[in-house]
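Asks: Reconstruct the complex from the two isolated chains, following the hints.
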Amino acid sequence: MANRFRTLTLTFTLVASLLLASTAARAEEFITLASTTSTDQSGLFGFILPKFEAQSGVKVKVVALGTGQALDTGRRGDADVVLVHDRPAEDRFVAEGWGIERRDVMYNDFVIVGPKADPAKIKGTGDAVDAFRRIAAAPVDFVSRGDKSGTNAAELRFWKEAGVDPKAFKGYKEAGSGMGPTLNMSASLNAYTLADRGTWLSFKNRQDLEILVAGDKRLFNPYGVMLVNPAKHPHVKQEAGRKFIDWITSADGQSTIAAYKISGEQLFFPDANK
Amino acid sequence: MSETFGDALSLLGRLDPAVLGIVWLSFKVSLTAVCIGAAIGLPLGAWVAVAEFPGRSVLAVLLNGMMGVPSVIVGVIVYLLLSRSGPFGPMGLLYSPAAMVVAQTLLVVPLVAALTRQIVEDAWREYAIELRSLRFNMRQCISTLLYDCRFSLVVALLAGLGRAMSEVGAVMIVGGNIEGFTRVMTTAIALETAKGDLSLSLALGIVLISVVLVLNGGAYTLRYWAMRRYG
Chain A
965 MANRFRTLTL
975 TFTLVASLLL
985 ASTAARAEEF
995 ITLASTTSTD
1005 QSGLFGFILP
1015 KFEAQSGVKV
1025 KVVALGTGQA
1035 LDTGRRGDAD
1045 VVLVHDRPAE
1055 DRFVAEGWGI
1065 ERRDVMYNDF
1075 VIVGPKADPA
1085 KIKGTGDAVD
1095 AFRRIAAAPV
1105 DFVSRGDKSG
1115 TNAAELRFWK
1125 EAGVDPKAFK
1135 GYKEAGSGMG
1145 PTLNMSASLN
1155 AYTLADRGTW
1165 LSFKNRQDLE
1175 ILVAGDKRLF
1185 NPYGVMLVNP
1195 AKHPHVKQEA
1205 GRKFIDWITS
1215 ADGQSTIAAY
1225 KISGEQLFFP
1235 DANK
Chain B
8 MSETFGDALS
18 LLGRLDPAVL
28 GIVWLSFKVS
38 LTAVCIGAAI
48 GLPLGAWVAV
58 AEFPGRSVLA
68 VLLNGMMGVP
78 SVIVGVIVYL
88 LLSRSGPFGP
98 MGLLYSPAAM
108 VVAQTLLVVP
118 LVAALTRQIV
128 EDAWREYAIE
138 LRSLRFNMRQ
148 CISTLLYDCR
158 FSLVVALLAG
168 LGRAMSEVGA
178 VMIVGGNIEG
188 FTRVMTTAIA
198 LETAKGDLSL
208 SLALGIVLIS
218 VVLVLNGGAY
228 TLRYWAMRRY
238 G
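Those protein sequence lines, which keep their order, are chains A and B. Each residue of the first sequence is one higher than the one before, counting from 965 in our numbering. Each residue of the second sequence is one higher than the one before, counting from 8 in our numbering.
Chain B extracted, bound-state conformation (with noise of 0.2 Å):
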């Protein structure tokens, strides 16, 4: 265990270019699907906190339910959708990584609009009378609402980055795991595992670890420095 341990850290040490392309393609292929999920997930969050109609609380426990879907099934899933027997076959988008991007985009957009379903409505409850008032339109209510639980709103995407850059079930099945094209950081430690590389698999283990602290840390001060800003 601490010899495994040891030959992972020296791993690191010499970062090899191989590497650091996984490590960014990654990065690319989940910051892309969070975005993607970002601008689908936050407006549907917030409608479904807002909105009155029949089914609300339906969805909302749909949109609870989604986050725990497994993504091996969202893989196979797009796998079907866009396999060239599928109905976007024609697209060619298979084992590459927009369709890795499309995989994860459907892993984030339920969790992002179920949590901030939960942040939206709650402040909603603080202000529905006042906005009300105002006679703002549903759009209005949802951008001001949106606007002003932005910064609790970041642990929304935080939450939906997490689970784009970890997960590995569907970007290996609509990836193929393809070296120098649709490997990422979760396949490459799946194959390393396979291979009885235990070291090379805690090493790249070590790294997406590292990224994912980097990357919260980054969120956390940002909000932090913004709330000081602007309240």
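In isolation and in its complexed conformation, chain A is listed as follows (with noise of 0.2 Å):
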């Protein structure tokens, strides 16, 4: 009996052992991508990424996160490439010594959605500080997206800009979460939120939301990239991070990106050889 008992527990190690050397097999060069959701979600990684590694032999492993989680990440030596959306946190990694060779690569903005009725009065307004403003002074909901992510941060900014304090205002709510559950719930309760035109261009489930403020300067979205300082974490892949760094905003890589369409609109806007 003792014997079978011996038996039953060597076959779980074995199949264990079995799968685990399975799933280990697949030993090739990769490097690891700490980008955002809008980036990822949007699709543009499943359109440009294929190309890099056809050419460069390199795989790249996308973890999305928020820009605060991705920065963070790479703090933590968890990345070897990060690319996000909030320059003046991008600034801070860059100057605390965890990132270096900082490179702009592409732009997109960001537009207000809300209900198709706009009870908040912003539609054409064109201008996204009033509209904030105007959100403010509603009976509205605003859902943010309360995850210190690129999109978070500039939300922020433009209440700041409005003068208003957000925890202050009664309709707002804090999804504390990414851009498609920010948008599921202010599709669930027909509220304004600030998101970015790539996801939500590839966002399914708009129900009664529609674009109400789009095309304020103040909008814009930049998204820079950078390398990990292999100083603070040696084992950090620099060759093969910088050859994709080199690779998205060299001419090949940024045709790659100004190429990528949703529904024949441009998603993002290649910026890095300005």
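It should be emphasised that the hints constitute simulated quantities derived from the structure, not laboratory data. Do not rely on the hints blindly, as some may be mistaken.
As the list claims (entries may be wrong) - With beta-carbon atoms standing in for the labels, derived distance ranges:
1) B:14 with A:1226: 18 to 26 Å
2) A:1223 with B:97: 50 to 58 Å
3) A:1081 with B:226: 47 to 55 Å
4) B:98 with A:1172: 46 to 54 Å
5) B:220 with A:1172: 56 to 64 Å
6) A:1020 with B:128: 52 to 60 Å
7) A:1235 with B:94: 52 to 60 Å
8) B:229 with A:1175: 54 to 62 Å
9) A:993 with B:223: 51 to 59 Å
10) A:1064 with B:58: 50 to 58 Å
11) B:83 with A:1181: 51 to 59 Å
12) A:975 with B:83: 43 to 51 Å
13) A:1083 with B:223: 35 to 43 Å
14) A:975 with B:128: 22 to 30 Å
Given the structure is predicted, the values throughout are model-derived calculations rather than measurements. Using N, Cα and C, we set each Cβ at its ideal position, and we do this for glycine too.
Replies: Dropping the structure here:
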């Protein structure tokens, strides 16, 4: 009996190690890219990365997080390259020595979406700050990302410019989640929110929401790429990481970014070679 | 609602390789975790049931309590351990299937151990005098009881598998939901929901439920067949 039990334990261990071995078998060169939900969920990486991987032979593993979290991942050394969109936070990241060789990559823009009926009457103002002021003054809901993402940081800057304390505004709800779940929440509450255009265009559960304000220069949303500092984290794959940074800022990478469209609309505009 | 369901079913009709890859990875990761979890949890649970030492009941309560630990907490702990800045950082396991196996194993061990303890303790009450009179040592007692309870213990393992396959919090954090590498069914569902693609979420949900049902059905049949054969 004891023998049978030992056989059983052995079988478990054997099956486990076989399964483990089969997952570990694929040893190819890869880098870990900490990036944002806006670039991943909009489908951009799915479009541009296969081209880079075919050319360089380096596989890119994308971990999609909020900008704040992505930078933290880099800070802990769990990523080789970071691609995010919050310039002040990126500059701090570089100044503190966590990242090096920051380059501009592309930009897209934020849009203010809200219910078609537009009870806060912001449609057509074309002035983002004024729109935020009107939303705060109206009896409507506003869903915030509340997750320290780049979009969240931009939203908080708008509230500040509008002179509104969002915490004091009754309809303000912090979702504490990514762009998608925040849009889902806004759709079911028929609330206003700030979204990046890419995620909005690829978002399917829009219900009664539509873009109300877009085109204000302040809604400009630039993305930057940087290498995690190998001096802080010696295991960082700097050669492969640099290959990626060089490619995405090269003419080839830039034209691939420009070629990505959803229903005929270009999502990201390359700006590495200004 | 009915439209979403219809779309989900038509999506299932044309199972593409990416979806199959996701299903296969879920299966592999969770099964590995359950195997390791069983190798630790079964003897651990049986030992707590049989052994006499101070603090035994505290340990039993602890195991029972840990059955309900939120998977996100386990995810955060494993993340901190495996992060490059953590104690096991140099192994470079974060954002890999191995990390997901570690997290799920930590979820499965207390569950399997707690259920095993309950099942074995009941059997121990019945056979204690008999086994003692045979002058069995602790090891032999544990082996005998585990062997004797093997059909009931299948339920403990299935519960473990259920927990491993259905959790999303831990694998999302330590796996990173990387496409084609650490994306499993639950994290794919979370992602598609985030993208507002509820039909695809639901389709994946149906696959997940079916896989769990098939596994449970298989285990039930095996148990039925084995019981008839071996009593």
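Asks: Using the beta carbons of residue 229 (chain B) and residue 1175 (chain A), state whether their distance is inside 54 to 62 Å or not.
Replies: 56 Å, holds
Asks: Residue 83 (chain B) and residue 1181 (chain A), beta-carbon distance inside 51 to 59 Å?
Replies: With Cβ atoms ~40 Å apart, the hint is violated.
Asks: For the hint 52 to 60 Å, verify it against the beta carbon of residue 1020 (chain A) and that of residue 128 (chain B).
Replies: At 59 Å between Cβs, range holds.
Asks: Within 50 to 58 Å or not, the Cβ separation of residue 1223 (chain A) and residue 97 (chain B)?
Replies: Between residue 1223 (chain A) and residue 97 (chain B), where Cβ atoms are some 40 Å apart, the hint is violated.
Asks: Assuming the hint says 50 to 58 Å, is it satisfied by the Cβ distance from residue 1064 (chain A) to residue 58 (chain B) or not?
Replies: The hint (50 to 58 Å, Cβ to Cβ) holds, given that residue 1064 (chain A) and residue 58 (chain B) are roughly 56 Å apart.
Asks: Is 51 to 59 Å right for how far apart the beta carbons of residue 993 (chain A) and residue 223 (chain B) are?
Replies: For residue 223 (chain B) against residue 993 (chain A), whose Cβ atoms are near 41 Å apart, the range 51 to 59 Å is violated.
Asks: Is 52 to 60 Å respected by the C-beta to C-beta distance linking residue 1235 (chain A) and residue 94 (chain B)?
Replies: At roughly 42 Å between Cβ atoms, residue 94 (chain B) and residue 1235 (chain A) fall outside 52 to 60 Å, so the hint is violated.
Asks: If you check the beta carbons of residue 98 (chain B) and residue 1172 (chain A), does the distance land in 46 to 54 Å?
Replies: This hint holds: roughly 50 Å between Cβ atoms.
Asks: So does residue 1083 (chain A) sit 35 to 43 Å from residue 223 (chain B), Cβ to Cβ?
Replies: Since residue 1083 (chain A) and residue 223 (chain B) have Cβ atoms about 50 Å apart, the given range 35 to 43 Å is violated.
Asks: Within 47 to 55 Å: is that where the Cβ-Cβ distance between residue 1081 (chain A) and residue 226 (chain B) falls?
Replies: 54 Å, holds
Asks: With 43 to 51 Å as the target window, see if residue 975 (chain A) and residue 83 (chain B) comply at their CB atoms.
Replies: 33 Å, violated
Asks: Between the beta carbons of residue 975 (chain A) and residue 128 (chain B), is the distance compatible with 22 to 30 Å?
Replies: Holds - the Cβ-Cβ distance for residue 975 (chain A) and residue 128 (chain B), about 25 Å, lies within 22 to 30 Å.
Violated hints, in rising order: 2, 5, 7, 9, 11, 12 and 13; the structure is consistent with all others.
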